[in-house]
Amino acid sequence: VGLPTVKLWTTTVAGLAGSGINLGSANVLLVVFGVFWVANDIPPFILTASRILFAMSFDRVLPAPLANVNDRFHSPINAVIIVGIVALLGCFSESAVLDPGGTFNPGKNAAIAAILGSGGGVQITDFYDSFFFTLFTLSLVILPLRASKRQIFDTAPYKPGGKWGMLILGLAGFGANLFVDYEFVWPQGSDFALSQVNWASSTLLSDISAVIFSIVVAILAIVVYYVHRMRRGINYSTIFAQIPPE
Numbered sequence: 001v002g003l004p005t006v007k008l009w010t011t012t013v014a015g016l017a018g019s020g021i022n023l024g025s026a027n028v029l030l031v032v033f034g035v036f037w038v039a040n041d042i043p044p045f046i047l048t049a050s051r052i053l054f055a056m057s058f059d060r061v062l063p064a065p066l067a068n069v070n071d072r073f074h075s076p077i078n079a080v081i082i083v084g085i086v087a088l089l090g091c092f093s094e095s096a097v098l099d100p101g102g103t104f105n106p107g108k109n110a111a112i113a114a115i116l117g118s119g120g121g122v123q124i125t126d127f128y129d130s131f132f133f134t135l136f137t138l139s140l141v142i143l144p145l146r147a148s149k150r151q152i153f154d155t156a157p158y159k160p161g162g163k164w165g166m167l168i169l170g171l172a173g174f175g176a177n178l179f180v181d182y183e184f185v186w187p188q189g190s191d192f193a194l195s196q197v198n199w200a201s202s203t204l205l206s207d208i209s210a211v212i213f214s215i216v217v218a219i220l221a222i223v224v225y226y227v228h229r230m231r232r233g234i235n236y237s238t239i240f241a242q243i244p245p246e
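Letter 107 of the sequence shown, counting from 1, is numbered 107 in the working numbering, and no numbers are missing.
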């Protein structure tokens, strides 16, 4: 009673534990190492995400400008800018300024909070991450079994256990990720907690706005993919005909 609401990060637990044993002065080290840890954690995310956009653009899955490389910085500057904008939205989401009553959401707009608030946007990206690995592990199951993609599998430099080993790993990973997806979506206290939604409620659209947003993003991505494909007349089946040398 009377304690402020805080997120249960490991640093928070460490700080509380330190204060409890009269080592509160050592908490400054948590701040210092936390600052350094950002340099270890965040840049690789921006680096890999921007390079994924670059690679997809280079293969013409995404618009060509995302593959433009800046002469001065020798990096795909357009892709980096796009990733940076999304990263800023993530920072706003994590900071809770878009939560109901927050600095940028004083009107307590539930839809904004569900999509970009600390209880919405961050949780949405958690599910996106989990769903990505679900599809990734599913590809481990499908790839060794598809005769039309056999060349890709055969030229892969690392195949633990060969065809059947990869199949077993893929099935195990797929099952595990489906369970994680379920934990994000359905149970009480989960990110989406669909089991607790009142489907007859007059505020249903607001209650599941994060889910609707996710579905819209997925549909938009599929539409952009196929429209761009038809407009460019690109045969995507040839993109992975050969895996680049490592």
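To be clear, the hints were calculated from the coordinates, so they are not data collected in a lab. You may find that some hints are simply not true.
What the hints assert, rightly or not - Simulated pairs of lysine to any residue, SDA-like, Cα-Cα distance not exceeding 20 Å:
hint	residue 1	residue 2
1	K108	D126
2	K108	F213
3	K108	T203
4	K159	T137
5	K108	G90
6	K159	F179
7	K108	L204
8	K163	G175
9	K159	G170
Quick caveat: nothing in here was measured; it's all calculated off a predicted structure.
Here's how the hints hold up against the structure:
no. : hint           : in the structure
1   : K108 with D126 : violated, 23 Å
2   : K108 with F213 : holds, 18 Å
3   : K108 with T203 : holds, 14 Å
4   : K159 with T137 : holds, 14 Å
5   : K108 with G90  : holds, 19 Å
6   : K159 with F179 : violated, 25 Å
7   : K108 with L204 : holds, 17 Å
8   : K163 with G175 : holds, 18 Å
9   : K159 with G170 : holds, 12 Å
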